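Asks: Take a look at the letters that make up each chain.
There are 2 protein chains.
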Amino acid sequence: MIDPIEIGDVRPRAPGGEFPAKAVAARSVRVSADIFKDGHSVLAAQVLWRPMNGQWTAVRMAAGANYRWWADFQPEVIGPHEYKVQAWTDHFMTWQRDVAIKHEAGQDISVELEEGAALIELSALEMEPSKRPRYREVVATLRDESLGFAERLAATGKSFVTELFADSPLRHDLSSSRPMPVWVDRERALYSSWYELFPRSLGGFMGTVEHLPRVAGMGFDVLYLPPIHPIGATARKGRNNAVTHEPDDVGSPWAIGSKLGGHTAIHPDLGTIDDFHALVDQAAEHGLEIALDYALQCSVDHPWVAEHPEWFHHRPDGSIKFAENPPKKYQDIVPINFWPSTDRSRSELWDACKQILDYWIAHGVKIFRVDNPHTKPLAFWAWLIPAVQIKHPEVIFLAEAFTHPKMMAQLAEIGFTQSYTYFTWRTHKQELTDYLNELAYGPTADYMRPNFWPNTPDILSGPLRGGGPGVFKQRLVLAATMAPSYGIYSGYELMENEPARPTDEEYLFSEKYEIKHRDFDLPGNLVGFVTRINELRRQHRALRQLRNIRFHHADNSQLIVYSKATHDLSDVVLVVVNLDPGGVQEGLIELDAAALGVDPTRPYTATDGLTWTEYTWTGNTPFVRLDGADQPAHILHITQIT
Amino acid sequence: MIDPIEIGDVRPRAPGGEFPAKAVAARSVRVSADIFKDGHSVLAAQVLWRPMNGQWTAVRMAAGANYRWWADFQPEVIGPHEYKVQAWTDHFMTWQRDVAIKHEAGQDISVELEEGAALIELSALEMEPSKRPRYREVVATLRDESLGFAERLAATGKSFVTELFADSPLRHDLSSSRPMPVWVDRERALYSSWYELFPRSLGGFMGTVEHLPRVAGMGFDVLYLPPIHPIGATARKGRNNAVTHEPDDVGSPWAIGSKLGGHTAIHPDLGTIDDFHALVDQAAEHGLEIALDYALQCSVDHPWVAEHPEWFHHRPDGSIKFAENPPKKYQDIVPINFWPSTDRSRSELWDACKQILDYWIAHGVKIFRVDNPHTKPLAFWAWLIPAVQIKHPEVIFLAEAFTHPKMMAQLAEIGFTQSYTYFTWRTHKQELTDYLNELAYGPTADYMRPNFWPNTPDILSGPLRGGGPGVFKQRLVLAATMAPSYGIYSGYELMENEPARPTDEEYLFSEKYEIKHRDFDLPGNLVGFVTRINELRRQHRALRQLRNIRFHHADNSQLIVYSKATHDLSDVVLVVVNLDPGGVQEGLIELDAAALGVDPTRPYTATDGLTWTEYTWTGNTPFVRLDGADQPAHILHITQIT
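Residue numbers (my numbering), protein chains in the order written: chain A, 1 to 642; chain B, 1 to 642.
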């Protein structure tokens, strides 16, 4: 039989209900549900939550519009949690509401008063004896026919009467949702600033150590390294992805494995495992975490190919099948066959894949950027990620899920902590607005966390190709203020903008295939701008969350306007970006004052965190003017003048 | 472990997955699902469906846009069914696609041809021996190095090769959704035309028999009678819902029960059980089914009140609690307490409620209009409806769920066949458009079936109050052509339009409290119009479904334009309604020619089923002009001139 009270559409949840929704420790989780029953009784509801196998904590829910109830709870530890929603009929509140209406309408309420007395009498029996006398007094007053209705009724107005029922274990029609799983991550799972670099271009791990002050100085907190393993010699790619290579070509780090080792070995040019420890430790001293690439594919020279031929696809001529997407061939890479013919082989392979992670976790790595997860079975990830996180709940997985939306969402649902997104290709006002609203409020919001990248070593995206400082600043501001997690690939701050071909997203002389020497002190670079953006992200709690973004209207289709505010409106940031790198755009913008927590009839200040200019505005339609070629954004801290 | 292939968002389904989606026998059910896996292999999918515990039937699915797959199946019998979606990797199709691309690109495909030969060889072993030789021949050709690539490849183009794999039991990565329940109703559950009348106003059952030719003549197929049971004497309501009654007042039929009996008794003024049989039988001869009211409430005089005091709420002064919604009191009705204090009482009460239905089903009734289901527990309905339908799958329950949207949807989800809707109050173009799109394509579409009523004995809705023929025709056309099920309450065809008070939806001299004598031959009545509308509903299969409605644009906000077409476009109806009863509205309308199945560059005819006028149109922006005060609608049959 179903419960007397309907508790439906309980959020947060992942669509299937099998995998957990995601939350962050020390941040509140908003639980909501449709709660209703037949008739007109007053209902009460609560959320019960706990770390898995821990003690339940109860939080009372409040009723919002349209039978939607909500409550917040705040997990303090990371790892698996669960919650459920309970509802019951509150006979006393129902009585109190109805008797008040009848009394106001001048009706005889003597029988109702007796009903109330009986209710209180019954519930008081559940209280400890010392607390009962005051209830007996209320009951006596309710039954005292020498008093008027109003006076008798007033006796129930005392707060201890309300508390009696709030705390009472007598919960009529008690109904419950099923337990809903929630995975609680550390804060960096949601709020992180990534910087990607190729250590081989900096002289290996020890050379990279020397760059830590620079990267940390810009305000990043995650330093992501492409694969650091030996690179295959067979069919190695040359510069600019050439099919043949010269003797001195270094090859793509994603062609993993040589006679020197595979996914747990280090490329000799980068250093030793001790050098790697030094890098991890030094990075930590600078507030930086090292993120490694987890790319489950092999060069033909990878030790696995000889040791475990059953983990690869074979062809009738005895050769190992290399990667291809007909008619394209990727001769330097062989894909792993995640479904070998026997279950034992499968189990050994999957364990071997997990052991790679175990190895690097043991060496201090807690963040993995996962290469092309959509080309490996969902079942593999659904097994792997919980298997790792149950021992190491601090481990973060970023999915390089540049694939179709349903697969992207599915990877997030089955366990990936964060995901690359389509932000890289969203450039127009409407598409940015729609995409952000979808990410923040759409069906994936409970379990998919975006990480916005204006560029990657694979993608010099449209507007950046041949672009100047304006567009590089614009895309950085959008990524860093729209999403709590974002990242850039080294060279962005130098405005590297040359594509391999006019219609190609690949960089010319891509660092994937050769060593790059950069002058990071190049005049006119964006280091100061990047540093300031990351400073503002640290200063403003409002920028460290996703599901608080609100768009505001601007008639000018090149001006995009959005705000983020903390729940208590103590920190409010308004961002205005000129999307036109061609020059000046201006116009009135139309602010939703409530979202900014200001009274627009009185003056308020908007202080630009980029220029330190302070504007004083009254009303909700200020005029803005931004030069897209040079200074394309305002990042405004909004405060009412008191 | 999760399946290798993701099969997600499988439709049709009810939200919780516990209760069945709804379908109709001899009409196709569209199943769809998101189906994808890692990598680029070609997938295949099928729907397996069966009547519960019957044989599974397989239907191959086709891939639509964005990884959404679909297939149709057609249940033939009513009752519980289930289906599931299966998907697998089609290695042969993958091979065929890839080898063709490589061959076109001029690559060496000798190893690929051997791969294909091996695949065919393996699969042919699964075939019966007599069919194997032709495959051996193909394999030999594939391996014949004396032939060119093109010739060898062509050998696999034969249809029996494709069939080999389509029928093969070798299904790699075979994955399956869970079984999804579907309840299959008879067609009347979806497509029905209701007429409501009070038999006491027509002289009881035998008097009603005399009106059957009139009701059937108008084209209705369900004749719904308000409660036919003895009416309580205590606190009986007088005319116009007066709190006191005169000796000759007949009382509300919803105050069920007197010393003469309760829900299985017949009011003596209406006739005997034999008369009732006569009515049911005669109605059937006219193609009409009798629908009874199932109103689970009692007058104080109902036998249950004395026999089963535990089934009612009692007050401290010993009285039985009558219905109220403070400060309003309904002294002629006592509500049932569906949760008596013991489980045994509850079980006896629920059984007694079911026995009412069993009784009337045994007397030939198969349709019940359920009064205020939202004031009884959802758990009760979730138990009752399946308990009845498992023995009598032909029984239809219409929910009078005039309540909030979430409750309305929930009642549909747990089992109600049809539901009254908000159509009664949707009068503007935008709200009608939004509401119909929600009902036809929104989240409730898989399990909630609307029944549109322009009026009921309780509701003389806004536009009808004081309205003339134009608005009565308009609301009828909207109800009867937007929804496959609709109904009117007697008097509509006479354009009865006097409200009890100017701001009230109650009728003046409501038939709920008195006997009405009507002259059904009143000049200027809408009998002919109603008859024609129901004729058009019978003629046009397109009007007998909901999920085919498409709205077309019209600049004039008083002109609403929509079409319905059968899947094969063999029957296409375009409806244009002038929503302004004040007079003429005209303008260009903008037709979506694809939805109408016409080529707008060539002439097509639009034949008005109401006026028999035939228009010849070319292009997709015809001009229309309708007089809302008189003839407010076109119901146009669209056919291309060939």
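Rather than coming from a laboratory, the hints here were simulated on the basis of the structure. You may find that some hints are simply not true.
Chain copies aren't distinguished; within one or between two, either way the pair holds.
No more than 25 Å apart at the CA atoms, straight line, and that leaves these computed lysine-lysine pairs for PhoX-like [what the hints assert, rightly or not]:
hint, residue 1, residue 2
1, Lys-512, Lys-328
2, Lys-406, Lys-84
3, Lys-429, Lys-512
4, Lys-102, Lys-328
5, Lys-259, Lys-321
6, Lys-102, Lys-321
7, Lys-329, Lys-102
What you are looking at is a predicted structure, and each value in this text was computed from that prediction instead of being measured.
Asks: Which hint numbers does the structure go against, in order from smallest to largest?
Replies: Result: hint 3 breaks, nothing else.
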